[in-house]
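Number of protein chains: 2
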Amino acid sequence: MEKKIITISRQFGSGGRSIGKAVAERLSIPYYDKELIKQVAEKTGFDPEFIEEKGEYAPGKTFLSYLSTSFGMPGGMMGGMSAMDFLWVMQRQVILDLAEKGPCVIVGRCSDYILKDRTDCLHVFIHASDEYRAERIVRLYGKTEKTPEARLADKDGRRSVNYKHFTGRDWGACQNYHLCLDSSALGSEQCVGIIAAIAEGKQF
Amino acid sequence: MEKKIITISRQFGSGGRSIGKAVAERLSIPYYDKELIKQVAEKTGFDPEFIEEKGEYAPGKTFLSYLSTSFGMPGGMMGGMSAMDFLWVMQRQVILDLAEKGPCVIVGRCSDYILKDRTDCLHVFIHASDEYRAERIVRLYGKTEKTPEARLADKDGRRSVNYKHFTGRDWGACQNYHLCLDSSALGSEQCVGIIAAIAEGKQF
Numbered sequence: 001m002e003k004k005i006i007t008i009s010r011q012f013g014s015g016g017r018s019i020g021k022a023v024a025e026r027l028s029i030p031y032y033d034k035e036l037i038k039q040v041a042e043k044t045g046f047d048p049e050f051i052e053e054k055g056e057y058a059p060g061k062t063f064l065s066y067l068s069t070s071f072g073m074p075g076g077m078m079g080g081m082s083a084m085d086f087l088w089v090m091q092r093q094v095i096l097d098l099a100e101k102g103p104c105v106i107v108g109r110c111s112d113y114i115l116k117d118r119t120d121c122l123h124v125f126i127h128a129s130d131e132y133r134a135e136r137i138v139r140l141y142g143k144t145e146k147t148p149e150a151r152l153a154d155k156d157g158r159r160s161v162n163y164k165h166f167t168g169r170d171w172g173a174c175q176n177y178h179l180c181l182d183s184s185a186l187g188s189e190q191c192v193g194i195i196a197a198i199a200e201g202k203q204f
Numbered sequence: 001m002e003k004k005i006i007t008i009s010r011q012f013g014s015g016g017r018s019i020g021k022a023v024a025e026r027l028s029i030p031y032y033d034k035e036l037i038k039q040v041a042e043k044t045g046f047d048p049e050f051i052e053e054k055g056e057y058a059p060g061k062t063f064l065s066y067l068s069t070s071f072g073m074p075g076g077m078m079g080g081m082s083a084m085d086f087l088w089v090m091q092r093q094v095i096l097d098l099a100e101k102g103p104c105v106i107v108g109r110c111s112d113y114i115l116k117d118r119t120d121c122l123h124v125f126i127h128a129s130d131e132y133r134a135e136r137i138v139r140l141y142g143k144t145e146k147t148p149e150a151r152l153a154d155k156d157g158r159r160s161v162n163y164k165h166f167t168g169r170d171w172g173a174c175q176n177y178h179l180c181l182d183s184s185a186l187g188s189e190q191c192v193g194i195i196a197a198i199a200e201g202k203q204f
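Read top to bottom, the protein sequences are chains V and E.
The working numbering numbers the first residue of the first sequence as 1 and each following residue consecutively.
The working numbering numbers the first residue of the second sequence as 1 and each following residue consecutively.
It is worth saying that the hints were derived from the structure and are not from the lab.
By construction, the Cβ of each residue, glycine as well, lies at the ideal position given by its N, Cα and C atoms.
Keep in mind that the hints are not guaranteed to be accurate.
[What the hints assert, rightly or not] With a cut-off of at most 25 Å between alpha-carbon atoms, the simulated SDA-like pairs for lysine to any residue come out as follows:
1. K202(V) to S188(E)
2. K116(V) to Q190(E)
3. K202(V) to K21(E)
4. K4(V) to S129(E)
5. K164(E) to D130(V)
6. K202(E) to E200(V)
7. K43(E) to R92(E)
8. K164(E) to N176(V)
9. K116(E) to S188(V)
10. K164(V) to N176(E)
11. K155(E) to R169(V)
12. K202(E) to E189(V)
13. K4(E) to L186(V)
14. K202(V) to A196(E)
15. K202(V) to K43(E)
16. K202(V) to K164(E)
[Unchecked claim] Interface residues of chain V toward chain E, partial, derived using beta-carbon atoms under 7 Å:
17. N176
18. C180
19. D182
20. A185
21. G187
22. S188
23. G193
24. I194
25. F204
All chains should be built: construct the whole structure from the sequences, respecting the hints.
This is the structure in structure tokens:
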């Protein structure tokens, strides 16, 4: 396989997580999601649910939101670091270690940035039209008080702020990825096939 | 073929133009570049060199630059429109007409935006690392007084302003394209193959 490690970043509702899982199955390599969270939980003592939420999403839509979360969270300040910074450091180390272990698919958690200096990675971003994503999140996660559009904007906004805060880069800017795919236009199955074929070094 | 029309937008120096040409050859469909400019020249009376430059690049790096070019250019004001707006209207019409004629590849000129409402298009963006592009433009176009990095920033900056001015969208934002490829990471040949395979509706 030409590219051992595949990182998948994705807009909320685009199906990036399912695509990542299917790519891992097709290539018979591990897919790190719950396992990653479990390892971060062991390193930090944080609750897995806390890691799942806070390891990828800013607490609010502004940089200032990070300041207000330095206190009053599990762990509070740790060796001079806020709980969020501590989580970032530990999560980063787990991702670097998992990549060292061998071929795998890692979804989200700034893994494209964390592994940017490795030459054996394929960094992918999955996006989709608002209509496709709105329909998909209501079908998969049910309705809430918020409109689907507001839920998309909130989740993506917080992912974006988190990414910017820790990497200094713009989330979803195509320059950060080797391959960006519109899952609503191409179809999930096709996205899985394209990613797997490129990772396998197949010539088209 | 599943997608009849392929539009290719590209960072300066990324090789997007060559990739577009090779895709057209592989699919045996027309590649519109000089032909497009020739048709716009016939419609407008503008010089082809003027169209090649002004049909895709803002005169400067700010929106205000458009104001300062409303006068003193070939044609001056035309029926209340500035020369740049007149060129946009004519170029847009030529692109719409070419797409009506049948399968083709069109490079640049906001063609992704102009054809966004057609469902038979594949919109592609080609980008590459700064190092790859700097080396490539010096090799292909020679050295100039400006550094390669300044030339990249200038060309892309003016493409970006032109795109924003006429479409209201951000140039190179992955949401505008079905497929974004890093030609420096994947290789030009591989990019050609991926685009052609997707356009042909091949299942991976």
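Structure-based check of each hint:
no.: 1; hint: K202(V) to S188(E); in the structure: 14 Å, holds
no.: 2; hint: K116(V) to Q190(E); in the structure: 21 Å, holds
no.: 3; hint: K202(V) to K21(E); in the structure: 22 Å, holds
no.: 4; hint: K4(V) to S129(E); in the structure: 21 Å, holds
no.: 5; hint: K164(E) to D130(V); in the structure: 21 Å, holds
no.: 6; hint: K202(E) to E200(V); in the structure: 17 Å, holds
no.: 7; hint: K43(E) to R92(E); in the structure: 11 Å, holds
no.: 8; hint: K164(E) to N176(V); in the structure: 21 Å, holds
no.: 9; hint: K116(E) to S188(V); in the structure: 21 Å, holds
no.: 10; hint: K164(V) to N176(E); in the structure: 21 Å, holds
no.: 11; hint: K155(E) to R169(V); in the structure: 22 Å, holds
no.: 12; hint: K202(E) to E189(V); in the structure: 12 Å, holds
no.: 13; hint: K4(E) to L186(V); in the structure: 14 Å, holds
no.: 14; hint: K202(V) to A196(E); in the structure: 14 Å, holds
no.: 15; hint: K202(V) to K43(E); in the structure: 45 Å, violated
no.: 16; hint: K202(V) to K164(E); in the structure: 37 Å, violated
no.: 17; hint: N176; in the structure: 9 Å, violated
no.: 18; hint: C180; in the structure: 4 Å, holds
no.: 19; hint: D182; in the structure: 4 Å, holds
no.: 20; hint: A185; in the structure: 4 Å, holds
no.: 21; hint: G187; in the structure: 9 Å, violated
no.: 22; hint: S188; in the structure: 12 Å, violated
no.: 23; hint: G193; in the structure: 3 Å, holds
no.: 24; hint: I194; in the structure: 5 Å, holds
no.: 25; hint: F204; in the structure: 3 Å, holds
In the structure shown, a violation is registered for the earlier hints numbered 15, 16, 17, 21 and 22, in ascending order.
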